Amino acid sequence: MNHATSENNHVSRRGFVQLSLGWMAATFASAAAAAAAVRFLVPNVLFEPSQRFKAGKPEDFADNSVTFLDDERVFIVRQGNTFRCVSAICTHLGCTVNRSNQGFNCPCHGSVFDEQGAVKSGPAPRALSWFLVTLSKDNRLLVDKGQQVAADKYLVLTV
Amino acid sequence: MTAPFLKRLWQAFANTRVGRSVFRVGLPQSRLEQAQAMVSSFLLHMQPAKVSRHSLRASYSLGLGLISLYLFFILVGTGILLMFYYVPSTQKAYDLMKDLQFVVSAGLVIRNMHRWAAHLMVTFVLLHMCRVFYTGAYKRPREFNWVLGVGLFLLTLGLSFTGYLLPWDQLAFWAITVGTNIAGYAPVVGPKLKYLLLGGNVVGQEALIRFYALHVIVLPGIAGLMIAIHLWRVRKDGGLSRPDETGDIVQEIPLGQLPTNKSYGLMELARGTTPQVGLNPDDEVLAWPHLIFRELLLFLATVAVVLFLAVFWNAPLEELANAIHPPNPAKAPWYFLGLQELVSYSALWGGVVVPGALVTALVLLPYLDRGRRGVGRWFARERVVANTLFTVCLLVAIVLTVIGTFFRGPNWGWVAPWKQPPAITEGH
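Protein sequences appear in the order of chains A and B.
Going left to right, the first sequence walks through residues 69 to 227 as the numbering used here numbers them.
Going left to right, the second sequence walks through residues -6 to 421 as the numbering used here numbers them.
Worth flagging that the hints you see were computed from the coordinates, not collected in a lab.
It is possible that part of the hints are untrue.
Each computed SDA-like pair below joins lysine to any residue, with the alpha-carbon atoms no more than 25 Å apart [said to hold, decoys possible]:
| hint | chain 1 | residue 1 | chain 2 | residue 2 |
| --- | --- | --- | --- | --- |
| 1 | B | Lys85 | A | Leu114 |
| 2 | A | Lys213 | B | Ile317 |
| 3 | B | Lys187 | A | Ser197 |
| 4 | B | Lys85 | A | Asp139 |
| 5 | B | Lys185 | A | Arg194 |
| 6 | B | Lys187 | A | Ala103 |
| 7 | A | Lys213 | B | Val182 |
| 8 | B | Lys187 | A | Ala105 |
| 9 | B | Lys185 | A | Arg120 |
| 10 | B | Lys85 | A | Pro111 |
Since this is a predicted model, take the numbers as computed values, not measurements.
Please model the complete structure; the sequences and the hints are all you need to start from.
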């Protein structure tokens, strides 16, 4: 580095250009390498189950029932001829809530939700999510976990 | 009186041509050569040639840092062995745990040793931090070594967390679920960080292999490097803190006095400091045998305790991971139960803000608390304010942990530990 600095520690013009180009190149190369490494770790393709699924025939669910679907971690709520679907995933830290007499309880950190999924107590920041329920052409309940709806939005079957 | 047979054999070998080629120098004949031998051997040069009597006192350091180091060695050793069987597959991982327990020779003891050494390492790193605090040993010139120590404490927790995910039992699955969701509460980067950690949106194969890579190479690699720097700094900062350190025990050479026309480059940034050896020669003894013998003895004791625990108590293994239902209550290992109690009030405050503030306070501590008095003594009167603050924080952490451990039952509700837990009546 002798030639880059003169004796009095004054940076010469050539030395300044060389140093700044060198540092810029080094910074750019490190930043690019770091960015590529982080981007490499973000998957481009996911092999995850579909957000949309068929929950079965409407008549499979008894009147005034709340049924837990294991694989999908949702509850199907039937009241008369209305159908709704509520998420069983606690909005706090992702545990599966259990059905209780007055709503839903989370076993991990004690959040309590009412029948409408609203938070009654505990650390949960939001109400449980309700998902869009439609009827497929082959007469099955079709739930889309990608589409959240209000708690009072029902699928009404007119038989 | 002639030396024992083994010693004579050793002496004979060390003085042959081959022996000299291995050890570089022959057997030391004088005190001077004994000190020189320390410097000329790779393994021994990590130790000082001479050491203060005060630093040898077990009642001062309690050997907590060394025990932590030895536990790290045990963890690396047993961990490498476990890697020969373990496969980070959600299909296979749990079965392989059972194989280790029931089929592989010594598999049970090696897995037990790994788990108990991990629990002990969390304990001893924490105790070591308390020792350094209560003796004021983080003060100048050791500020940065305290910062490295805080980093090593976090790495120890990170290694424990990524480690207990690997068996893919109930504890593992729901710990990943809860842990990555806490990461999701981090400001700005939270959701992206969660996606990156899981390698997707759901807890599954991608997440397991990510935490495996972190556990077996990334975190231990960083920890190993930081331990090396931590130990090197202990030497460079003048050994263990002592009460007789008068002012700066390191001799500072101002940067400007170094010849700047030489190509030292980055090295010029280092302080021109050396521990002042021989400041108080009467108070110093040769590292061999006084220090190294104690170190080896402590290593033996650490291995013995871990082996004892591993032979008589089995490492926990819960049921196979059930992606649908967490256990009720779902409890983290003891060292995270205080945190779990905190997040049961608020995920953002308990999981991100409070821990973040605590870590920041610990890192800044040596730069904020700049008083020079009361160093090198336990609970020095001059440090009563700092010691009280630290003790209060420690007590809060202990109380939270005790609550999380004993006073929380199903649905994280309050229970009295001396009563039969209430039956869980609800279900699906």
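Hint check:
For the hint pairing Lys85 (chain B) with Leu114 (chain A), the CA-to-CA distance comes to about 21 Å; that is within 25 Å, so the pair holds. Between Lys213 (chain A) and Ile317 (chain B) the CA atoms are separated by roughly 16 Å; this keeps the pair inside 25 Å, and the hint holds. Annotation: proposed proximity of Lys187 (chain B) to Ser197 (chain A) holds, straight-line Cα distance about 20 Å (limit 25 Å). For the given pair, Lys85 (chain B) sits about 21 Å from Asp139 (chain A) by alpha-carbon distance, which is consistent with the 25 Å threshold.
A threshold of 25 Å between alpha carbons decides the hint, and for Lys185 (chain B) with Arg194 (chain A) the separation of about 20 Å falls inside it, so the pair holds. Restraint check: the Cα-Cα separation between Lys187 (chain B) and Ala103 (chain A) comes to about 18 Å, which is no more than 25 Å; the hinted pair holds. Between Lys213 (chain A) and Val182 (chain B) the CA atoms are separated by roughly 24 Å; this keeps the pair inside 25 Å, and the hint holds. Among the hinted pairs, Lys187 (chain B) with Ala105 (chain A) is consistent with the structure: their alpha-carbon atoms are about 17 Å apart, no more than 25 Å.
For the suggested pair Lys185 (chain B) and Arg120 (chain A), the alpha carbons sit about 23 Å apart, so the restraint of at most 25 Å is met. Straight-line distance between C-alpha atoms of Lys85 (chain B) and Pro111 (chain A) comes to about 23 Å, which keeps the hinted pair within the 25 Å bound.
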